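Protein chains in written order, with my numbering: chain A, 3 to 293; chain B, 14 to 241.
Quick caveat, the hints were computed from the structure, so don't treat them as lab data. Any given hint could be a false lead.
As the list claims (entries may be wrong) - Quick list of simulated restraints, FRET-style, between CB atoms:
#1 Leu172/A x His145/B: 43 to 49 angstroms
#2 Met3/A x Glu191/B: 37 to 43 angstroms
#3 Arg21/A x Leu82/B: 51 to 57 angstroms
#4 Thr273/A x Arg125/B: 38 to 44 angstroms
#5 Lys107/B x Leu276/A: 29 to 35 angstroms
#6 Gly51/B x Ser212/A: 35 to 41 angstroms
Since the model is a prediction, treat every value here as computed from it, not as a measurement. Idealized CB from N, CA, C, for every residue including glycine.
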Amino acid sequence: MKPRTFGYFLREALHGLVRNRLMTITALGIITIGLFLFGIFLLLTANLRYFTTLAWKEVEVRVFLQPSVTDPATVGAQLATLPGVAKITFVPKAEGAATLERLFGQQGTLFLNDENPLPDAYTLSLAEKADPQEIAKLATAVPGVEEVICGQDFVEFLEMIIQLTLIVGLILLTLTALAVLYIVVNTIQLTVYARRKEVEIMKLVGATDSFVRWPFLLEGIILGLLGAGLAFLLLSKGYGFLVHRLRLYRRFLPLLSGGEFQTHLMVALFTMGLFFGGFGSHVSLKRYLKV
Amino acid sequence: MLIAKDLTKIFSNGVVALDQVSLTVQKGEFVFLVGPSGAGKSTFLNLVIRRDNPTSGLIAVNQQNIAFLKKKEIALLRRSIGVIFQDYKLLPQKTVYENVAFALEVIEARTRAIKERVYTVLELVGLLGKAHVLPSELSGGEQQRVCLARSLVNKPLLLLADEPTGNLDPDTSWEIMELLREINRRGTTIVMATHNREIVDQMRKRVIALDHGKLVRDTPKGGYHLEA
Ligand SMILES: Nc1ncnc2c1ncn2[C@@H]1O[C@H](COP(=O)(O)OP(=O)(O)OP(=O)(O)O)[C@@H](O)[C@H]1O
Ligand SMILES: [Mg+2]
Chain A
3 MKPRTFGYFL REALHGLVRN RLMTITALGI ITIGLFLFGI FLLLTANLRY FTTLAWKEVE
63 VRVFLQPSVT DPATVGAQLA TLPGVAKITF VPKAEGAATL ERLFGQQGTL FLNDENPLPD
123 AYTLSLAEKA DPQEIAKLAT AVPGVEEVIC GQDFVEFLEM IIQLTLIVGL ILLTLTALAV
183 LYIVVNTIQL TVYARRKEVE IMKLVGATDS FVRWPFLLEG IILGLLGAGL AFLLLSKGYG
243 FLVHRLRLYR RFLPLLSGGE FQTHLMVALF TMGLFFGGFG SHVSLKRYLK V
Chain B
14 MLIAKDLTKI FSNGVVALDQ VSLTVQKGEF VFLVGPSGAG KSTFLNLVIR RDNPTSGLIA
74 VNQQNIAFLK KKEIALLRRS IGVIFQDYKL LPQKTVYENV AFALEVIEAR TRAIKERVYT
134 VLELVGLLGK AHVLPSELSG GEQQRVCLAR SLVNKPLLLL ADEPTGNLDP DTSWEIMELL
194 REINRRGTTI VMATHNREIV DQMRKRVIAL DHGKLVRDTP KGGYHLEA
């Protein structure tokens, strides 16, 4: 494409946007809102995921050995080879007692007498994505193991929240997407109508179909990208503010932040803007531009 | 230049607009296409520029069968054919110059060539002095001359005119006819659909008459009606 031709397309596209000012503003508003919602959805799910990965790292499986075991190291070696186990930590009975004492003070150890009835134990840290239930089952089967306790309830709750967010989010986004498409299609239809005479003459003097189409496509694409830019601006400012306000609670509520994350958000929004703008005008041209 | 053989057009509503029309127009000819309303004149011209496709039969322009063209080829075909209309089809927000230049811009002609060609054709139709005027400030005859200039700007081999004098008074009509005659004299083949009996009778050119889609007469140097 010659630069002059592209200049012509761009001029016509901008002309179309200015000609239907009211429609352009309405469309831009709706696209921005749609992409803003999409962005919120992305931020929410990304943070939930991030939070979950952090939580997974905290999940531990505790394995208590039978009192009769005299050589805990052998059992430990077996436990370490189980699939999904990242690290094992030996917790000897003495330490178990110390922990109890720390937690409950002197009373905690009162019942212990001289004999420490606490068994030796191991704490298993899990590899990412490993299923604690599965590991617990395997660990129970290891000879010398008395009991296994695992604590993944919270993480499973998080996983469920993510699933729920995905389902509700996708339904809402589908509706939003339809609204965005609808408004783009209608905006372009107005331009097609306003330019119908020009288009007729262009066709008659031998302009190619793509030459006729490009200004309309470009108009939709510009709309989509402008909407994406606005949505990104709102989101990154708003989210930055949120992260800043919540920085004190970072330990309990860790939020994703940083340049890479912003880039991802930007790419996602602009891709969506491009897609909806381009696809919307394409649909409109299919329906209203008889070339 | 233009060949039709058993050319038939049946619209989807069942109207037979052209019925087995066969004709040949040689390079450099001036041909009137006459016939009552609904005879199929516009339909024929529309087939020549592929605004419509034939139902059956053959149609060739410049030795190229145009019955089966890809979209891109249709665009190229149209660049070799000029068309003028009863309603001029000018863009009201563009000046005379811009209206004519538009035809070259949208086929991506070189900028320098555009300027040169536009001024050449505006001079030919006698509108150099009104190059930067809007169509709304022009008379009907002048608007038709702009339309003519636009149709000629890409140096077509064939010029189609669908009732170009339909909206003009007799004197102005003759101005347009003089221009067409001049353009034809310079080598452009012209096919003109018209109801204007006086013009056809006086020009003494080849006349092809259609009636209800059928070719009913083809006389060299003929008149509007069959002479006794
Ligand atoms: N798009 C269309 N769909 C259906 N029928 C059509 C269509 N265009 C034309 N016709 C019919 O085809 C026939 C020929 O029409 P056409 O316009 O070619 O006539 P014409 O000779 O140009 O008439 P006029 O002198 O009034 O311009 C008419 O009966 C018309 O109603
Ligand atoms: Mg007609």
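Status of the hints after comparison with the structure:
1. Between leucine 172/A and histidine 145/B the C-beta distance comes to about 57 angstroms, which lies outside the given range of 43 to 49 angstroms.
2. Our hint of 37 to 43 angstroms for methionine 3/A and glutamate 191/B holds, since their Cβ atoms are close to 42 angstroms apart.
3. Restraint check, arginine 21/A to leucine 82/B: a C-beta distance of roughly 34 angstroms breaks the suggested window 51 to 57 angstroms.
4. At about 41 angstroms, the beta-carbon gap between threonine 273/A and arginine 125/B stays in the expected band of 38 to 44 angstroms.
5. For lysine 107/B and leucine 276/A, the Cβ-Cβ distance of about 32 angstroms falls inside the hinted range of 29 to 35 angstroms, so the restraint holds.
6. Judged by the Cβ atoms, the range 35 to 41 angstroms given for glycine 51/B and serine 212/A holds: they are separated by roughly 36 angstroms.
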